[in-house]
Amino acid sequence: MKRWTPKAIATEARLLLIGIPVLLWTLIPVYHMVLFAISSKDSATSGHLWPKNPTLDNFRIVFQQKHFYLDHFWLQLWNSLLIAVSVGALTLFVATTAAFAISRLRVRGGRTVMNLALFTYFIPAAFLAVPMYKTMGNYGLLNSQWALILAMVTIASPYCIWVLKQASDKLPYELDEAARMDGASPLQLFRLVYLPLMVPSLVAVGTYSLLLAWNEYLYAFLLLSNDRSVTLAVALGNFLSADDSPWELLMATGLIYAMPPAAIYYAFKRYMVGGLTAGAVKS
Amino acid sequence: MSSTATAAPLPAPPVNLGARHARWQFWGAVMVVPYLLVFVVFVLYPVGYGLWLARHPQSYVKLVEDPIFFRSVINTAIFLVVAINIKMLVALVLSGFFVTSRWWIKIVSAIFILPWAMPSIPTILSIRFMLNPEWGVINSTIFRLTGADGPNWLNDPSLALAFAMVVHVWKSLPFWTLILVAGRLAIPSEQYEAASVDGASSWQKFRFVSWPALKTLYITSTILSMIWTLGDFNSVYLLTGGGPADLTHVLATLGIRYLRLDQVDLSMASIVVALPLVLPLVYFMMKRLSK
Chain A
3 MKRWTPKAIA TEARLLLIGI PVLLWTLIPV YHMVLFAISS KDSATSGHLW PKNPTLDNFR
63 IVFQQKHFYL DHFWLQLWNS LLIAVSVGAL TLFVATTAAF AISRLRVRGG RTVMNLALFT
123 YFIPAAFLAV PMYKTMGNYG LLNSQWALIL AMVTIASPYC IWVLKQASDK LPYELDEAAR
183 MDGASPLQLF RLVYLPLMVP SLVAVGTYSL LLAWNEYLYA FLLLSNDRSV TLAVALGNFL
243 SADDSPWELL MATGLIYAMP PAAIYYAFKR YMVGGLTAGA VKS
Chain B
6 MSSTATAAPL PAPPVNLGAR HARWQFWGAV MVVPYLLVFV VFVLYPVGYG LWLARHPQSY
66 VKLVEDPIFF RSVINTAIFL VVAINIKMLV ALVLSGFFVT SRWWIKIVSA IFILPWAMPS
126 IPTILSIRFM LNPEWGVINS TIFRLTGADG PNWLNDPSLA LAFAMVVHVW KSLPFWTLIL
186 VAGRLAIPSE QYEAASVDGA SSWQKFRFVS WPALKTLYIT STILSMIWTL GDFNSVYLLT
246 GGGPADLTHV LATLGIRYLR LDQVDLSMAS IVVALPLVLP LVYFMMKRLS K
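Chains as they are written, first to last, in our numbering: chain A, 3 to 285; chain B, 6 to 296.
This is chain A alone, in the form it adopts within the complex (with noise of 0.2 Å):
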């Protein structure tokens, strides 16, 4: 049991007038987006803390397609969700077979592919962007998804690499030792050994992919413009080039967007952050 005392009362006292600030800068924009979300078109911009009558009309005109921005949620959402598993699955194949040959085979130029990978995970990218868009004018690829899914791959393999060669060089290396007495082939070992042990960082990096690619915005914009081939991020933007927008209607579509990696994010947690901070902290 603890006891009050004079100094565990002020120490107390001290750590929430840290957490009470935290927790109103955190949660002001994400209430006022829910606020938004749950008004009707009247009240949304009265200034109300709270609206007089909630409601989820907003969110059944969303998934009705009952407004012209609106006209392809469903798709555009499918969209996203696609492009995220795409990026996600291609991103962990390119960074897993990289760094099981960099840190496992030990293939020569290892070391190269892996400031190669560095020196692109530290490009800004934004300055990736222009030149990345006009490449995928000269490959044909402008407003195919494939441009998306394939710039989305290049941003974040590079990191993923860099994370699980971290984690395979912990493995010991006798386990690849006693796999080539038994005579394992690289690929044995690859599937066999190498990727059951992987799978805690494995997961780490295909959400890390998966969440990067369902929440970009400057690559989907710039790569995609058919309102039928880009993802709910572009169609969000999209609101912004009217005056009178449906406030409402952006918002609740928006917490409908913006669900998804929040849930991925808490439910991965674990993984996630050992994974994503381990990469940093190694420095």
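Errors might be hidden in some of the hints.
Unchecked claim - Here are some, though not all, of the chain B residues that point toward chain A, as calculated from beta-carbon distances under 7 Å: (1) Trp32; (2) Pro39; (3) Tyr40; (4) Val43; (5) Phe44; (6) Phe47; (7) Gly55; (8) Ile116; (9) Leu119; (10) Met123; (11) Phe134; (12) Gly236; (13) Ala257; (14) Leu264; (15) Val287; (16) Met291.
What the hints assert, rightly or not - Pair ranges (Cβ atoms, derived): (17) B/Ser106 <-> A/Pro23: 19 to 27 Å; (18) A/Ala91 <-> B/Arg107: 38 to 46 Å; (19) A/Phe95 <-> B/Pro285: 46 to 54 Å; (20) B/Phe213 <-> A/Val201: 39 to 47 Å; (21) A/Pro56 <-> B/His61: 52 to 60 Å; (22) A/Thr7 <-> B/Glu139: 51 to 59 Å; (23) B/Ile116 <-> A/Phe65: 24 to 32 Å; (24) B/Thr221 <-> A/Arg230: 43 to 51 Å; (25) B/Pro285 <-> A/Pro202: 32 to 40 Å; (26) A/Ala91 <-> B/Lys292: 27 to 35 Å; (27) B/Gly204 <-> A/Pro23: 25 to 33 Å; (28) B/Thr151 <-> A/Trp148: 53 to 61 Å; (29) B/Val38 <-> A/Arg230: 33 to 41 Å.
Because the hints were derived from the structure by calculation, they are not lab data.
Beta carbons are placed, not taken as given, at the ideal position from N, Cα and C, and that holds for glycine.
Got chain A sorted already, so can you dock chain B onto it with the hints?
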């Protein structure tokens, strides 16, 4: 009998070993090919092509003659110096708060992650609506309290830039706090116990235990954050769109602005002029990480 028993586990002849080594090297090469392809096709070629597009000296003359460019450079510098340092200092303080063990701090820390876990676009737009001069919640509150109309926040370039920095800090503070929390958790608790025995105050514990252990991580994080902030398009574009009158652009939005205006040479040139700033930072990070 015993001689054959010892002979059995002898290593295979060198020729075989070499062949096996070659086979493993062959598979190693095959398995790095997917990433190498991605690198060559979507990094090396674009960067080379971009530099080629930026080869004309007159692009740079046009660029520096554009007042928006000069303004963007200043804005970028303000962003890097002010926003990053405030963010990292706050992250340093908050990391001390979050390593304190209380049941309610665990809940606060789970909520605190939200800005980082959620996509930029809906949250930044939400902040943008709060700042709407006519019906935004901030000006409505000012009106209710004072009866006066609040300012048109995003119409003033310095206020708009300040709010873009607020957005940037709001969005990326959780990540850096998390990194510094991980750094603090790696400090052995005996060091704090020893300091307590010596009667150290909390400031002294920070000064002589936490800070020496965190210093390298703090500096690396600051530099990495600077590199990434150079590429932060969303905070400015989604809040101000570069406005009013193109006065809140940073280099990350300027390049895209020129691209949208079909001035690809200017767009590339604006990125090339940032390279003397970016490359030393990248070099520093690569040195650190590839040790």
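Against the structure, the hints come out as follows:
| no. | hint | result |
| --- | --- | --- |
| 1 | Trp32 | 4 Å, holds |
| 2 | Pro39 | 5 Å, holds |
| 3 | Tyr40 | 4 Å, holds |
| 4 | Val43 | 5 Å, holds |
| 5 | Phe44 | 5 Å, holds |
| 6 | Phe47 | 4 Å, holds |
| 7 | Gly55 | 3 Å, holds |
| 8 | Ile116 | 6 Å, holds |
| 9 | Leu119 | 6 Å, holds |
| 10 | Met123 | 4 Å, holds |
| 11 | Phe134 | 6 Å, holds |
| 12 | Gly236 | 3 Å, holds |
| 13 | Ala257 | 4 Å, holds |
| 14 | Leu264 | 5 Å, holds |
| 15 | Val287 | 4 Å, holds |
| 16 | Met291 | 5 Å, holds |
| 17 | B/Ser106 <-> A/Pro23: 19 to 27 Å | 20 Å, holds |
| 18 | A/Ala91 <-> B/Arg107: 38 to 46 Å | 41 Å, holds |
| 19 | A/Phe95 <-> B/Pro285: 46 to 54 Å | 34 Å, violated |
| 20 | B/Phe213 <-> A/Val201: 39 to 47 Å | 41 Å, holds |
| 21 | A/Pro56 <-> B/His61: 52 to 60 Å | 59 Å, holds |
| 22 | A/Thr7 <-> B/Glu139: 51 to 59 Å | 52 Å, holds |
| 23 | B/Ile116 <-> A/Phe65: 24 to 32 Å | 28 Å, holds |
| 24 | B/Thr221 <-> A/Arg230: 43 to 51 Å | 50 Å, holds |
| 25 | B/Pro285 <-> A/Pro202: 32 to 40 Å | 36 Å, holds |
| 26 | A/Ala91 <-> B/Lys292: 27 to 35 Å | 33 Å, holds |
| 27 | B/Gly204 <-> A/Pro23: 25 to 33 Å | 31 Å, holds |
| 28 | B/Thr151 <-> A/Trp148: 53 to 61 Å | 55 Å, holds |
| 29 | B/Val38 <-> A/Arg230: 33 to 41 Å | 34 Å, holds |
Comparing the model with each numbered hint stated earlier shows that hint 19 is the single one that does not hold.
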